[in-house]
Amino acid sequence: MASLFHLKIVACDRVFYDGETEILIFPGVDGEMAIMNHHEVFTGVVEVGEIRFKLSDGSWQHAIISDGLVTVYPDGSTKILAYSCEKPEEIDTFRAQEALERAREQMQQKQSRIEYEISNANMARAMARLKGASQRK
Amino acid sequence: MASTKEIQKRINSIQDTMKITRAMYMMSSMKLRKAKQKLEDTEPFFIGTQVGIAENLAHFPDIRHIYFDNRIEDEQEVKKRRGFIVFTGDKGMAGAYNHNAIKLAEERVANLSRDEYQLFVVGEVGRAYFKNNGYNVDESFVFSSNNPSMHRARLIAEYMIDLYNREELDHIDVIYTKMLNSVTEETCVERLLPLKTHKFLKEQAKEITEDVEGTSKAALELKEGTKHVHSISSYELEAIQNGGDSWYPFYPSLKTVLEKLVHNHFTGFIYGAMVECFASEENARMMAMQSATDNAEAILHELSIEFNRVRQAQITQEITEVIGGAKALKKKKKSKR
Numbered sequence: 002m003a004s005l006f007h008l009k010i011v012a013c014d015r016v017f018y019d020g021e022t023e024i025l026i027f028p029g030v031d032g033e034m035a036i037m038n039h040h041e042v043f044t045g046v047v048e049v050g051e052i053r054f055k056l057s058d059g060s061w062q063h064a065i066i067s068d069g070l071v072t073v074y075p076d077g078s079t080k081i082l083a084y085s086c087e088k089p090e091e092i093d094t095f096r097a098q099e100a101l102e103r104a105r106e107q108m109q110q111k112q113s114r115i116e117y118e119i120s121n122a123n124m125a126r127a128m129a130r131l132k133g134a135s136q137r138k
Numbered sequence: 217m218a219s220t221k222e223i224q225k226r227i228n229s230i231q232d233t234m235k236i237t238r239a240m241y242m243m244s245s246m247k248l249r250k251a252k253q254k255l256e257d258t259e260p261f262f263i264g265t266q267v268g269i270a271e272n273l274a275h276f277p278d279i280r281h282i283y284f285d286n287r288i289e290d291e292q293e294v295k296k297r298r299g300f301i302v303f304t305g306d307k308g309m310a311g312a313y314n315h316n317a318i319k320l321a322e323e324r325v326a327n328l329s330r331d332e333y334q335l336f337v338v339g340e341v342g343r344a345y346f347k348n349n350g351y352n353v354d355e356s357f358v359f360s361s362n363n364p365s366m367h368r369a370r371l372i373a374e375y376m377i378d379l380y381n382r383e384e385l386d387h388i389d390v391i392y393t394k395m396l397n398s399v400t401e402e403t404c405v406e407r408l409l410p411l412k413t414h415k416f417l418k419e420q421a422k423e424i425t426e427d428v429e430g431t432s433k434a435a436l437e438l439k440e441g442t443k444h445v446h447s448i449s450s451y452e453l454e455a456i457q458n459g460g461d462s463w464y465p466f467y468p469s470l471k472t473v474l475e476k477l478v479h480n481h482f483t484g485f486i487y488g489a490m491v492e493c494f495a496s497e498e499n500a501r502m503m504a505m506q507s508a509t510d511n512a513e514a515i516l517h518e519l520s521i522e523f524n525r526v527r528q529a530q531i532t533q534e535i536t537e538v539i540g541g542a543k544a545l546k547k548k549k550k551s552k553r
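Residue numbers (the working numbering), protein chains in the order written: chain F, 2 to 138; chain E, 217 to 553.
Hints in this document: simulated from the structure, not taken from any laboratory.
Treat the hints with care, as some may be off.
[What the hints assert, rightly or not] Using C-beta positions, here's what the derived DEER-type ranges look like:
hint	chain 1	residue 1	chain 2	residue 2	range
1	F	His7	E	Asn352	46 to 52 Å
2	E	Ala344	F	Arg105	34 to 40 Å
3	E	Asn352	F	His63	45 to 51 Å
4	F	Arg96	E	Ser329	23 to 29 Å
5	E	Ala326	F	His7	44 to 50 Å
[As the list claims (entries may be wrong)] 25 Å max Cα-Cα, derived DSS-like pairs, lysine-lysine:
hint	chain 1	residue 1	chain 2	residue 2
6	E	Lys418	F	Lys9
7	F	Lys9	E	Lys252
8	E	Lys476	F	Lys132
9	E	Lys296	E	Lys415
10	E	Lys296	F	Lys9
11	E	Lys254	E	Lys296
12	E	Lys247	E	Lys394
13	E	Lys471	E	Lys415
14	F	Lys88	E	Lys250
15	E	Lys476	F	Lys88
16	E	Lys254	E	Lys307
17	E	Lys307	E	Lys319
18	E	Lys254	F	Lys88
Just so it is clear, CB atoms sit at the ideal spot from N, CA and C, and this is done for glycine as well.
Go ahead and model the full structure; you've got the sequences and the hints to work with.
Put into structure tokens, the structure is as follows:
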């Protein structure tokens with residue numbers, strides 16, 4: 002077993018996770034990235050999607066995350082700051098489906114650039130949630 | 217002295233008012249509990265974004281970018297357009313809460329001509345006030361301050377960043393009310409854009425660490441807290457001191473990270489400010505209603521004493537009249553006999 006490092010995930014409404022982990026995998030801009038202990042110090046972008054990290058007992062914890070930033074500190078500890086982070090079982094599929102449809106509808110209308118980007122992000126979030134929730138079943 | 221009827225009328229009307237203030241007190245205390253919970257939940261995120269941006273700014277190399285205050289045009293531009301996001305409540309009856317925010321905003325724009333600033337007001341009270349008093353308010357910026365949500369914060373952030381990127385605004389400051397504890401609130405100003413440059417942070421930090429007595433301008437401003445938009449915050453000082461000079465890689469690129477950082481920080485800050493304001497507003501309203509109810513009780517007490525006194529005086533008068541009448545009748549009878 003690889004050595005553990007400290008991981009903290011902060012969402013806008015709570016601290017999602019604050020504890021030890023062995024490996025963290027998150028969606029980057031050009032594909033998934035993994036962080037293990039003694040990773041180089043850096044700051045990176047986390048895209049909307051699914052993250053997973055291995056707990057000290059060897060089990061994987063999955064979570065659906067919206068876009069944010071990840072930072073690795075000199076002591077190896079890692080922090081993710083994101084708008085939202087949820088466990089797959091916490092996701093309200095019904096709500097996500099509704100949000101997806103709403104976003105789709107808005108995308109079809111003629112919109113300003115800001116509105117387009119907001120709908121686009123809304124859609125990505127809704128799709129990530131649905132995907133995460135469906136994998137559990 | 218007023219008659220019993222008049223006093224009774226006043227007592228009734230005060231009692232009615234008291235019912236309203238008491239109900240409002242109950243409502244805002246419920247809302248306050250909800251808001252406090254939300255505030256507690258979002259605190260790690262709110263502080264986290266501020267620490268995050270401070271840490272990253274400490275590591276950013278000196279680059280020219282629109283998000284920093286060093287654009288090529290900056291040196292040529294004479295006039296700076298400032299945007300102020302002012303957070304007020306949707307309703308009045310909240311003590312000095314709305315007034316404090318409005319006053320601070322007025323102070324900020326007092327020396328600026330109309331085309332040098334624009335106000336972006338969240339909340340109905342502030343919007344109505346600024347509009348009626350002829351300030352330069354963005355009329356299409358309409359957001360409620362009730363029940364803050366991430367979605368609304370995102371809308372506000374996108375709207376403002378878009379204006380900034382189109383160079384319609386050169387500075388964006390936020391005026392909001394912070395809840396220090398359950399009795400004290402503080403109205404603060406914070407500059408969200410442009411970001412402070414690495415060089416600036418380093419100079420300020422150096423100034424603070426070098427003078428031991430804490431009498432320099434930068435140190436004083438740090439101690440005073442958020443009243444100055446140019447001063448650096450304690451997070452930034454800490455980040456610089458924790459090895460700010462070492463450069464580290466950004467993934468996938470500096471530009472992408474900067475873009476994301478600005479959006480995240482902006483949205484996070486707006487959300488945090490909205491939650492803080494919501495809690496402060498309810499808190500202010502609760503206290504205002506509490507004192508209104510107390511005042512009503514004091515007035516009622518006085519009035520009821522006065523009422524009793526008047527009633528007694530009336531009874532006494534009636535009795536004396538009856539006795540006087542009876543005596544007169546007796547005298548009449550005696551004299552007839």
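Now for the hints, and whether the structure bears them out:
A hinted range of 46 to 52 Å for the beta carbons of His7 of chain F and Asn352 of chain E is consistent with their spacing of about 49 Å. Ala344 of chain E and Arg105 of chain F have their C-beta atoms about 37 Å apart, which keeps the hinted 34 to 40 Å range intact. Range check, Asn352 of chain E to His63 of chain F: Cβ separation about 50 Å, and the 45 to 51 Å hint holds. For the pair Arg96 of chain F and Ser329 of chain E, the supplied restraint of 23 to 29 Å is violated, since their beta-carbon distance comes to about 48 Å.
Here the CB-CB span from Ala326 of chain E to His7 of chain F is close to 49 Å, well matched to the stated 44 to 50 Å. With a CA separation close to 28 Å, the supplied pair Lys418 of chain E and Lys9 of chain F exceeds the 25 Å bound. For the suggested pair Lys9 of chain F and Lys252 of chain E, the alpha carbons sit about 23 Å apart, so the restraint of at most 25 Å is met. Distance hint between Lys476 of chain E and Lys132 of chain F is fulfilled; the C-alpha atoms sit about 24 Å from each other, no more than 25 Å.
Pair hint Lys296 of chain E plus Lys415 of chain E holds up; C-alpha atoms about 22 Å apart against a cutoff of 25 Å. Note on Lys296 of chain E and Lys9 of chain F: the hinted pairing is violated, with a Cα-Cα distance of about 40 Å set against a maximum of 25 Å. At most 25 Å may separate the alpha-carbon atoms for a hinted pair to count; Lys254 of chain E and Lys296 of chain E exceed this at roughly 37 Å. Annotation: proposed proximity of Lys247 of chain E to Lys394 of chain E holds, straight-line Cα distance about 17 Å (limit 25 Å).
With a C-alpha separation of about 18 Å, the suggested pair Lys471 of chain E and Lys415 of chain E falls inside the 25 Å cut-off, and the hint holds. With a CA separation close to 24 Å, the supplied pair Lys88 of chain F and Lys250 of chain E stays within the 25 Å bound. Distance restraint check for Lys476 of chain E and Lys88 of chain F: the Cα-Cα separation of roughly 24 Å lies within the 25 Å cut-off, and the hinted pair is therefore satisfied. The hinted pair formed by Lys254 of chain E and Lys307 of chain E meets the criterion: a straight-line CA distance of about 20 Å does not exceed 25 Å.
Restraint check: the Cα-Cα separation between Lys307 of chain E and Lys319 of chain E comes to about 17 Å, which is no more than 25 Å; the hinted pair holds. For the hint pairing Lys254 of chain E with Lys88 of chain F, the CA-to-CA distance comes to about 20 Å; that is within 25 Å, so the pair holds.
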